[in-house]
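Undergrad: Protein chains in written order, with this note's numbering: chain A, 1 to 114; chain B, 1 to 250.
Note that these hints are calculated values from the structure, not bench results.
Even for Gly, the Cβ is constructed at its ideal location relative to N, Cα and C.
Misleading hints may appear alongside valid ones.
[As the list claims (entries may be wrong)] Listed next, the in silico DSSO-like pairs over lysine-lysine satisfying Cα-Cα at most 27 Å (straight line): (1) A:Lys70 - B:Lys133; (2) B:Lys135 - A:Lys70; (3) B:Lys133 - A:Lys22; (4) A:Lys22 - A:Lys70; (5) B:Lys135 - A:Lys22.
[What the hints assert, rightly or not] Chain B is faced by these chain A residues, among others (derived, beta-carbon under 7 Å): (6) Tyr20; (7) Leu27; (8) Val29; (9) Ala55; (10) Met67; (11) Tyr77; (12) Met79; (13) Leu94.
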Amino acid sequence: MAKPNPSTHLEPLDESRGSYAKVFWSLVVLTALEYGFARLQPPFPTLVGGLTFLATVYAFLVAWYFMHLKYEGRWIYLMLVPVCLLSVAVVAGLTPDIAYHQHGFFQSTAVADR
Amino acid sequence: MADAATISTSESKPTSAMSRPPAPAAPITPGKVAIWLFLATEVMFFTGLIGTYIVLRAGSAPTAYSNLFSPGTDLSIVLRQKPEGLVTTSWPRPFDPSMNPLSVDLTAANTFILMASSLTMILALSACQRDDKRKTALYLTATAVIGTVFLGIQAFEYNQLLFAHHYPAGVSQTGHFTPDVSVFASCFFTMTGFHGLHVAGGLVAIFALMVRSWFGAYSSTNSHSIEVISLYWHFVDLVWLILFTVVYLI
Chain A
1 MAKPNPSTHL
11 EPLDESRGSY
21 AKVFWSLVVL
31 TALEYGFARL
41 QPPFPTLVGG
51 LTFLATVYAF
61 LVAWYFMHLK
71 YEGRWIYLML
81 VPVCLLSVAV
91 VAGLTPDIAY
101 HQHGFFQSTA
111 VADR
Chain B
1 MADAATISTS
11 ESKPTSAMSR
21 PPAPAAPITP
31 GKVAIWLFLA
41 TEVMFFTGLI
51 GTYIVLRAGS
61 APTAYSNLFS
71 PGTDLSIVLR
81 QKPEGLVTTS
91 WPRPFDPSMN
101 PLSVDLTAAN
111 TFILMASSLT
121 MILALSACQR
131 DDKRKTALYL
141 TATAVIGTVF
151 LGIQAFEYNQ
161 LLFAHHYPAG
171 VSQTGHFTPD
181 VSVFASCFFT
191 MTGFHGLHVA
201 GGLVAIFALM
211 VRSWFGAYSS
221 TNSHSIEVIS
231 LYWHFVDLVW
241 LILFTVVYLI
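Start from the sequences, fold in the hints, and give me the full structure.
TA: As structure tokens, this is what we get:
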């Protein structure tokens, strides 16, 4: 008979509902801080830096507690670290296009093609 | 069956004598590896969208948007005349209704709603692992309802932007905020639209879990499906906060 295997019990059961609620309220505070900080309309670099920091903390809390990264073995980092590096590489690889846009290279090429 | 009974009898003594092992790290199951691989591809997908957004935004001309003229207007002649009250910018600033029609307040409220659905989802998994079938079903139902509310508010926002409101010239030439009126509008609808599709897909799965959970399909030894969908749902919540930050707040 195909009986469920207890060894595949998914997550350690020491995570109480109270700790999930604490994480949730932390996320609420972080989002409220993001909203309040953006409302203050600080200088652009400060705004970007502050919001990036808050969003990073938010992402960490969700991944660590709600997605149970804290319980996973190294295998998951073998998967996630290359993805994160590739993500940075993709964005970095696109940045030269900013200069193309700013100097109108795309437009001038289009005109030359005609 | 006879063999199984024999094995069970012969092994029953040492098993009962053994103390329970300490809680191990979460086991690697094929479903979990598959969902994490899928989420890895999703990270790349949204990175592509956000990266493109950054390029388009950073490369936007300093006079691409103004409070008096519609996006895409050539302001070179106008700027020589230095008209009074004209403000130009490379990208619509948040909280500026003359150029940016997005309601940050409404979306902030919607963000809290999606976060609440993330909490009920994790509580559903937790209840399932405690064999509390009634709470599992209740929390899954709550997640489905809250997720639907999130999508409903997004649909309301889309309706306001596309049809219901009439916006000033700085937002759109036509008065409506449709994807073709500006690069900002295209980016907004592409990014939030794809995220909305992901939420809708997640909701279909959650509704299926909900229906099955009301029939007692899940237990502490059979919670794989809830865990896999839960991972996806938290990822969607995480991506939303990043989009909210990048598109609405910055």
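Undergrad: Should the hint that Leu94 (chain A) touches chain B count as held when the rule is a Cβ pair under 7 Å?
TA: 5 Å, holds
Undergrad: Can Val29 (chain A) be said to touch chain B, with a Cβ gap under 7 Å?
TA: 11 Å, violated
Undergrad: Has the given pair, Lys135 (chain B) with Lys22 (chain A), been kept, meaning a C-alpha gap of at most 27 Å?
TA: The hint holds at about 20 Å.
Undergrad: Hint check: Lys133 (chain B) vs Lys22 (chain A), CA-CA at most 27 Å. Holds or violated?
TA: 24 Å, holds
Undergrad: Would you settle whether the hint for Leu27 (chain A) is holds or violated, based on the nearest Cβ-Cβ distance to chain B being less than 7 Å?
TA: 5 Å, holds
Undergrad: Under 7 Å is the threshold here; is the Cβ of Tyr77 (chain A) close enough to any Cβ of chain B for the hint to stand?
TA: The hint is violated - Tyr77 (chain A) has no Cβ within 7 Å of chain B, the shortest such distance being about 11 Å.
Undergrad: Against the 27 Å threshold, does the CA-CA distance of Lys22 (chain A) and Lys70 (chain A) hold or violate the hint?
TA: Satisfied, since the Cα-Cα distance of roughly 16 Å is no more than 27 Å.
Undergrad: Under 7 Å is the threshold here; is the Cβ of Met67 (chain A) close enough to any Cβ of chain B for the hint to stand?
TA: Since the shortest Cβ distance to chain B is 5 Å, the answer is holds.
Undergrad: Does Met79 (chain A) meet its interface restraint, that is, does its C-beta lie within less than 7 Å of any C-beta in chain B?
TA: Hint holds; Met79 (chain A) Cβ to chain B Cβ min 6 Å, cut 7 Å.
Undergrad: Checking one constraint from the list: CA of Lys70 (chain A) to CA of Lys133 (chain B), max 27 Å. Satisfied?
TA: 26 Å, holds
Undergrad: Hey, does the Ala55 (chain A) contact hint survive, CB to chain B under 7 Å?
TA: Holds. Min distance 5 Å.
Undergrad: Regarding the pair Lys135 (chain B) and Lys70 (chain A), is the alpha-carbon distance no greater than 27 Å?
TA: The hint holds at about 25 Å.
Violation of the numbered hints given earlier is confined to hints 8 and 11; the remaining hints are satisfied by the structure.
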